[in-house]
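**Student:** On the provided structure of chain G, position chain R with the ligands as indicated by the hints.
Chains G and R, in that order, give the protein sequences.
As numbered in this note's numbering, residues 1 to 167 make up the first sequence, in order.
As numbered in this note's numbering, residues 1 to 294 make up the second sequence, in order.
Each hint should be verified, as a subset may be incorrect.
[Stated by the list, open to error] Derived list of chain G stretches under chain R, where covered just means 3 residues or more per stretch with a C-beta under 8 Å from a C-beta of chain R: (1) 37-51; (2) 61-73.
[Claimed, not checked] Here are the computed lysine-lysine pairs in the BS3-like style, where the Cα-Cα straight-line distance is at most 30 Å: (3) Lys124(G) - Lys99(R); (4) Lys82(R) - Lys124(G); (5) Lys133(G) - Lys99(R); (6) Lys6(R) - Lys156(R); (7) Lys75(G) - Lys82(R); (8) Lys4(G) - Lys6(R); (9) Lys133(G) - Lys82(R); (10) Lys243(R) - Lys99(R); (11) Lys6(R) - Lys75(G); (12) Lys204(R) - Lys237(R); (13) Lys99(R) - Lys75(G); (14) Lys82(R) - Lys162(G); (15) Lys163(G) - Lys82(R); (16) Lys88(R) - Lys133(G).
[Unchecked claim] Partial list, computed: chain R residues near chain G (C-beta under 7 Å): (17) Met1; (18) Gly32; (19) Arg40; (20) Ile108.
FYI, nobody ran anything at the bench for these hints, they're computed from the structure.
These figures come from a predicted structure and were not determined experimentally.
Glycine included, C-beta positions come from ideal geometry on N, C-alpha and C.
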Amino acid sequence: MIEKQFKTITFTLNGKQVTTSVDMRESLSDMLRNDFGLTSVKKGCEVGECGACTVLVNGEVFASCIFLAIWADGKDVLTVEGLVDVDGTISDIQQAFIDETAVQCGFCTPGFIMSAEHLLRTGKRYTRDELRKELAGNMCRCTGYHNIINAVEKAMNARLAKKAGKE
Amino acid sequence: MYDINKIYEANSVEDAVRLRMEEPQARIIAGGSDLLISIRAGDLAGCDLISIYTIDELRGVSLDDDGTIRIGSLTSFAAVTKNEIIQKYVRVLGEAADKVGGPQIRNIGTIGGNTCNGVTSADTASTLMAYDAIIELTGSEGKRLVPIEEFYLRAKRVDIHPDEIQTAILIRPESYRGYEGFYYKYAMRGAMDIATSGCSANVKLSEDKKTIVDARICYGVAGPIPMRTRSAEQAVKGLPVSKEIVEAFAAGALQDVNPRTSWRATKEFRLHIQGELARRCLTESINRAGGIWS
Ligand SMILES: Cc1cc2nc3c(=O)[nH]c(=O)nc-3n(C[C@H](O)[C@H](O)[C@H](O)COP(=O)(O)OP(=O)(O)OC[C@H]3O[C@@H](n4cnc5c(N)ncnc54)[C@H](O)[C@@H]3O)c2cc1C
Ligand code: FES
Ligand code: FES
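Here chain G stands alone, though its shape is the one from the complex (with noise of 0.2 Å):
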């Protein structure tokens, strides 16, 4: 019989400071999923391979099927929840995912999200092959990628106007 072994962890987790006592084998996403119950995360391979679990850890992309929940002590997590407003109102690039047509099962479209969020957050401007570059850790069975690239344009186009609008 193994002996289960926790661990006390501190870290912000969709803009709040959180403490939680994990099981030291839990993935992120397990955490994430089952301790808070967050299941925008989703679980399409646990080995890293398709990009539907991702999140940012300090705002940087992780598949956090392969990211030990331990590991979150101290850091920040960001996950689809954390991008609706608190009357629920839906983001700009989740209304852009919509919009485009970029959804069909929906099973990898929150990786895809956080994928895209991270790179909108960067003000860059990015061809589309270099977005099909960035975008390539995320797998869609099912909409060919076409409208989920479309989306990611229309989103990133949309913020750079706003900023270049505000400057």
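**Tutor:** Structure of chain R with the ligands alone, referenced to chain G:
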């Protein structure tokens, strides 16, 4: 949930060395992008781990006083690619790191893990070997430096003593100053794929850019571990930059390589692309170095 028996967390290099001695059965986990996959597959189920992932002193790239480039073993692929020192002095290494997996893997995977796994297809390994990198290991008696060619023992086996961890990868100034290199990853897909074969070459040219002063080449998946091909290197040293020497280089490389047939590709196909990779990598390295063709 991973099928892990116990996890020990090291907060410093000394901590890791102490844990290595206290828990000899435990494996080091850095980014885990090899190890966690093996645990998931059941190959290492029930193992004990020593996590070094949070030892931040092992992250980053710096330049020592003597010009040696020091890459902390926990530096991620993405951090290697973004680093200014790498971009300035060994850009081919940053480019090779950028060929790994996809963005998520490049953030979690470490350059230390890419060498300690002893894997022939590891995307940064061939470039490190082509630059005569030195592996720094730290154990109970201090630091030990091992040339990367000696670090690889056989497939999936590297020279790390039971009390040691890899702490840095060093590139000496004489190994990079004046050199320009190029890495070609040949794989079936443009991303998220393991190399069918990879090749990293680099050259140093004479002042007038017309003669090869030195050339180095290393393959991934040409044998059980990354492989330098000396016959190719010897075939072009001291010769004028020309189409003929590119052919001589490829012919030399094919004398040394020994790929095998696997589900990814046959031996014959690998030999074919390995000749072609030698040509392309040498040509591109010469062009990057400003070579004047005769
Ligand atoms: C989806 C996916 C795609 C991938 N694509 C590629 C690819 O395209 N190219 C490629 O080269 N690799 C690829 N990999 C493999 C992997 O990402 C790399 O080999 C990576 O460098 C491993 O580093 P890590 O820190 O995650 O290793 P870990 O899994 O933590 O460790 C790997 C091995 O090295 C040992 N180790 C690690 N660090 C140290 C240290 N400092 N001291 C002593 N021992 C140590 C560990 O004990 C273990 O045996 C891929 C992996 C996945 C999951
Ligand atoms: S579930 Fe994490 S990458 Fe597939
Ligand atoms: S919409 Fe079904 S996997 Fe992408």
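**Student:** Next, verify each hint and record whether it holds.
**Tutor:** Against the structure, the hints:
1. Under the rule that three or more residues need a Cβ within less than 8 Å of chain R, the assignment of the region 37-51 of chain G holds, with 5 such residues.
2. By the rule of at least three residues with a Cβ nearer than 8 Å to a Cβ of chain R, the coverage given for the region 61-73 of chain G holds, with 9 such residues.
3. Proximity of Lys124(G) to Lys99(R) is assessed by CA-CA distance (about 21 Å); at most 30 Å being required, the pair is judged to hold.
4. As the CA atoms of Lys82(R) and Lys124(G) are separated by approximately 15 Å, the hinted pair is consistent with the 30 Å bound.
5. Taking the CA atoms of Lys133(G) and Lys99(R), the gap is near 10 Å; set against the 30 Å cutoff, the hint holds.
6. The straight-line distance between the Cα atoms of Lys6(R) and Lys156(R) is roughly 24 Å, inside the 30 Å bound, and the hint therefore holds.
7. Restraint check for Lys75(G) and Lys82(R): the C-alpha separation of about 21 Å stays at or below 30 Å, so the hint holds.
8. Pair hint Lys4(G) plus Lys6(R) holds up; C-alpha atoms about 8 Å apart against a cutoff of 30 Å.
9. With a C-alpha separation of about 16 Å, the suggested pair Lys133(G) and Lys82(R) falls inside the 30 Å cut-off, and the hint holds.
10. About 28 Å separates the Cα atoms of Lys243(R) and Lys99(R), which keeps this hinted pair within 30 Å; it holds.
11. Pair hint Lys6(R) plus Lys75(G) holds up; C-alpha atoms about 23 Å apart against a cutoff of 30 Å.
12. Straight-line distance between C-alpha atoms of Lys204(R) and Lys237(R) comes to about 10 Å, which keeps the hinted pair within the 30 Å bound.
13. Taking the CA atoms of Lys99(R) and Lys75(G), the gap is about 27 Å. The hint holds against a cut of 30 Å.
14. A C-alpha spacing of about 28 Å is found between Lys82(R) and Lys162(G), which places the hinted pair at or below 30 Å, so the restraint holds.
15. For the proposed pair Lys163(G) and Lys82(R), the alpha carbon gap of about 25 Å is at most 30 Å, so the pair holds.
16. Straight-line distance between C-alpha atoms of Lys88(R) and Lys133(G) comes to about 23 Å, which keeps the hinted pair within the 30 Å bound.
17. With 7 Å as the threshold, the beta carbon of Met1(R) comes within range of chain G, its nearest partner Cβ sitting at about 5 Å, so the hint holds.
18. Taking 7 Å as the C-beta contact cut-off toward chain G, the hint placing Gly32(R) at the interface holds, the least distance being around 6 Å.
19. Below 7 Å, beta-carbon pairs count as interface contacts, and Arg40(R) has one with chain G at about 5 Å; its hint therefore holds.
20. A distance limit of 7 Å between C-beta atoms decides the matter here; for Ile108(R) the minimum to chain G is near 6 Å, and the interface restraint holds.
Comparing the model with each numbered hint stated earlier shows that all of them hold.
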